[in-house]
Amino acid sequence: MKLVGQVVLYAAFFALLGVLSVRPRLRLMADDEAIVSISFSHAARRVGECRRLSQEELMALPPNMRKPEDCPRERHPLQIVLLMDDQTLYAAVLPPTGLWADGKSTAYQRIRVLAGTHDFAIRMNDSGTSGSFDFENLSTISLLPGENLVVYFDADSQQFKFHQVSQ
Amino acid sequence: MKHLGSLTIFFSWIVLISGIWLLIFYRTSVNGAFESLEYLTHEQWYLGGIMRSLHRYASDAMVVTILLHIVREFSRDTFRLNRWFSWSTGLPLVWMVFVFGISGYWLVWDELAQYVAITSSELLDVIPIFTSKMAANFLMDSALSDRFFTLMAFLHLIGLPIFLVFGIWLHVFRLSRPKINPPKRLMAGTLLGMLLLALLFPAHSQDKANLALAPQSLELDWFYLHVYPLVELWSPGWVWVLLTGISALIFFAPWLPPGKAQPVAAVDLDNCNGCQRCADDCPYGAIEMLPRSDGKRYEYEVVVNPDLCTSCGICVGACPTATPFRNQTALIPGIDLPQRSAQDLKRSIDDATVAKPLVLSFACTGSSELAWLKANDKAVVEVACIGQLPPPYLDYVLSRNLSDRVLLSGCAGNCRFRFGMEWTEQRITRQRDPNLRRRVGAHRIAMAWVDPLCSVGGLKAQMALLEKQASETAE
Chain G
-9 MKLVGQVVLY AAFFALLGVL SVRPRLRLMA DDEAIVSISF SHAARRVGEC RRLSQEELMA
51 LPPNMRKPED CPRERHPLQI VLLMDDQTLY AAVLPPTGLW ADGKSTAYQR IRVLAGTHDF
111 AIRMNDSGTS GSFDFENLST ISLLPGENLV VYFDADSQQF KFHQVSQ
Chain X
540 MKHLGSLTIF FSWIVLISGI WLLIFYRTSV NGAFESLEYL THEQWYLGGI MRSLHRYASD
600 AMVVTILLHI VREFSRDTFR LNRWFSWSTG LPLVWMVFVF GISGYWLVWD ELAQYVAITS
660 SELLDVIPIF TSKMAANFLM DSALSDRFFT LMAFLHLIGL PIFLVFGIWL HVFRLSRPKI
720 NPPKRLMAGT LLGMLLLALL FPAHSQDKAN LALAPQSLEL DWFYLHVYPL VELWSPGWVW
780 VLLTGISALI FFAPWLPPGK AQPVAAVDLD NCNGCQRCAD DCPYGAIEML PRSDGKRYEY
840 EVVVNPDLCT SCGICVGACP TATPFRNQTA LIPGIDLPQR SAQDLKRSID DATVAKPLVL
900 SFACTGSSEL AWLKANDKAV VEVACIGQLP PPYLDYVLSR NLSDRVLLSG CAGNCRFRFG
960 MEWTEQRITR QRDPNLRRRV GAHRIAMAWV DPLCSVGGLK AQMALLEKQA SETAE
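Chains as they are written, first to last, in the working numbering: chain G, -9 to 157; chain X, 540 to 1014.
Calculated from the structure, these hints are not laboratory results. None of these values were measured; they are calculated from a predicted model. Some clues are possibly wrong.
As the list claims (entries may be wrong) - Far from chain G by the CB rule (all over 10 Å, computed), these chain X residues: (1) His581; (2) His608; (3) Arg615; (4) Leu714; (5) Val766; (6) Pro793; (7) Asp833; (8) Ala891; (9) Thr892; (10) Pro973; (11) Arg977; (12) Lys999.
To be verified - Across the chosen pairs, the derived CB separations fall in these ranges: (13) X/Val780 - G/Ser147: 34 to 44 Å; (14) X/His581 - G/Glu126: 41 to 51 Å; (15) G/Leu(-7) - X/Thr868: 47 to 57 Å; (16) X/Ser1010 - G/Leu(-7): 31 to 41 Å; (17) X/Thr783 - G/Ser117: 31 to 41 Å; (18) X/Pro796 - G/Phe123: 57 to 67 Å.
C-beta: ideal position from N, C-alpha, C; glycine also.
Looking at chain X on its own, in the form it has when it is part of the complex (with noise of 0.2 Å):
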């Protein structure tokens, strides 16, 4: 699930390449639009079919993807605040994929082509902009010319992709390294999947558009087409005020009502020694290093943005000086949350592990996993994010025994941030800085990203598991 949005960007790859093919062959002409598309399809079924089949099922797999994104996100509720920018520029690459999609059914010149026309003039023919109704060029013959399909292609091959690129640019230019390519085995799985549709379902076209004939019934595509019934069910206008009052909604969204502002993280200075670790590990690009402002001797110093900073505390995680072994000073790290400081998580510890519990738990904050862990009584620490957890407090926890395992739980289907579960790895795996110090028996901690849809299952499984484990090691 959290590989929609970049597997939303592989389909229109494959959309791309499959488009470029397709391109090679098509005469922009009335006569040579369909039977150049004809050819492709029968004649070289074997490239320029498949080609074409799979210029359609990815095509209609985009709106599948971004649909189930958007649900995603808002089910996250990870579109408020200083995340309403992504939120708000997807928007206009959803009505780019539709032009996209409807302006490639009609460069068929199909019965579909033809319903696609007259119906899409007819909503365009609402705005008040043309003085003549372009819906009147598609009820005779005679009054289209080869010169509509040359620009028909011209939007659909060369300027709409130009929007597109730039829409997906900007609409991941707030992250920090956004994942442009979902994981090689969804690629190959899909590809394959869409392969295996091509071959044993082509695309075809339907007869011939005939201005002299009105098609009496279609083989229409809902993914793209399913506004079109309306348009004769209602009026072009209302359909306009339907499409338009979703469009508001969705953009307006992140401030109906907007989301109660946390805190941003907090830096203090004379902790910060300007190691960057926290710039690096921010998914949303919100700190910045510059140059040393007091005089210390180190080069650079850490600046938050709290126009990009979500709160999540991952750069707390981040930072060396988070460590709870300090006892000459006091524990502020050189940076942290105010609402969920380094102090007030080592106290959360404490706390938590009177009793000496066989498992101690961290759990992300408004998780379904900490629920549980709540609900059957287990100690757990609450944490913004997992990626907040900085390694040492692990350490802290392990060796001094508190506890005999450690449990940290995160789920991909309920994460409010991001790339927390991922550092949280690495650091434990001594594969990120900073890393989990080696005298800490990596085999008392379990990591329990649990199953995209974030059922308690794995978790409790692993719980078992690890409370077994401590218990023969207690005996």
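With the rest of the complex left out, here is chain G (with noise of 0.2 Å):
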């Protein structure tokens, strides 16, 4: 009776490994969905402009701190839209890193879309205007079922890319 119950035991125990181990399937996405995933980052333009110091500014500061130009550190936040078919599929307003706000802002996110054929437009303001894009990039693309579409900023370039598998 012991043993019976000891290779119960057992068996339970290893079935338990076997299962769990691989089972259930998890399902991650519907079959005719892709995703589209937008990540970069990039350093938005200085708050203010550089001002030239000076002589009597120059003169108080102590002499191995005497630089001509006084140039503020922070960085203005990035305004990204990302448009699928016109529909808003990303909007973020992006804060640059650092303690001092100087660095860059990083843009991360993956949407789960509808395979097929789609308009996109990506749009970025840097420069702390109002009601104007800095940059854009505007592409029709066909995505296929389980396609990874990355948007990204290209800094060589300095433009939005599209980076798709067919490409």
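Make one complex out of these two single chains by using the hints.
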């Protein structure tokens, strides 16, 4: 009887291991869905222009800190809008990183969308001006089911790009 | 059930040994990682494949035994007061095991690894320590380098194991004679079962990771990754709230509320000859032997550390001066439990045997055995732990015919201390000091160490047998 109990316990334990290590399957998205990922880091423009210090101001500073210009470190927040077929997929105001708000702003989001052909528009304002965007890219893209479309800002060419498997 | 901790360590040995085999063939590159494991799984299935499966299933088994270990200690209320240290140091171990397992899945670089990489990064990105998003590295193949796999392999194979070994040492630091290995039969049985599982359902990779495509469904290891679906369902931030909340609750459980402290064992130097038996038997290393301070001719004296003593009374059971036959001097042993003294124990025996019961039982405070014995009007004497009972007390009961038989009960499933049953059995079978005297017929003593679930069936059967034997003797 004790042996039977032990066999049952062993069987239950290993059955649990065998099943829960792979089952039940996790469904991550529907068969007709794709992913749009927006991901980039970009340093917005500084809040103010550099100002040349007067001779009196320079002389008031310690000798090792006498830089001719005083440049504010703080940067504007980034304003991002991603549209798909004129519907907003992602919109955010991203503050700069860093204790002095002088670092890059970072965007990251993954969004599930229906596969198929869509018109995409990505717009970004990095200068703090209201009502206009400094960067824009429009593109019509066919998304396959399960495809991962990555929208990113290319720092070298200073423009937004759409990256997908077929490219 | 009492081997859950040591069983976890045994599984970690399997993980380590099988992991070393996998390491020999593992290639730390974007393409090499997946391909090297495919080679092991399919080309070298007879060894590498089995090793991989053992690695997977032993890792999963660790999660099960850790969970049961936590539930068991919690249900027995053996985590409060002086035992908070072992409880709270177990929590970082749980985190380490999970980080270990998750980083292991990352190394396979299949679709599951891709999912794990992105979701783990999204979780880590919530912590404001990185200037850019870590998850961005797993969106395009061009962003991923071979060096990343070198880093992950280093973490998984060297960094984490060092912390894990240190963590285990810390976890058992306050225990005397920590059980590192489970019984050989248990080791053999689990290894055999795991081998069978590895042969019948070998671990395999899913499709190779392709960052241009998002996996639509996955075979998830629910032991390690059960939280991951919540990241998308809620948000990474809320998952952290859940995880840190549960962790904080577990960590501070010993004080929620704090247990009611029992007086610790008290030393009476006038009766202590510094024999060291109590220090040898203390399961918590709470007794130190220090040079004699009272000028007596003995070399050592006993000092109890109140921060480690759990008031189990096993030291009293080991004390040769704890004997009820003393009639010239008061019954004050060298070490005693103030709340259940040796004198008190003798009085309880005398009271319980006024009517000369056929069987006198001893049972631990708060046990289901004690409850059953009391409910069925059996003559029973309560002890803090069965190991508190010094063998001369059995001699006292039987040689003076206060009762014809003695039944000692205990259950590993609800045992609130350590070694009580083991030491008692060894004392009665004369393998451990203080021994039961030879004049006491061992056949008149029965030990009912009932099954791990503490059902009283075994106790009932043992009691019925003893009562029958006692009746026959009386006739």
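| request: List in ascending order the numbers of the hints, as given earlier, that are violated by the structure. | output: Checked against the structure, no hint fails, so every one of them is satisfied.
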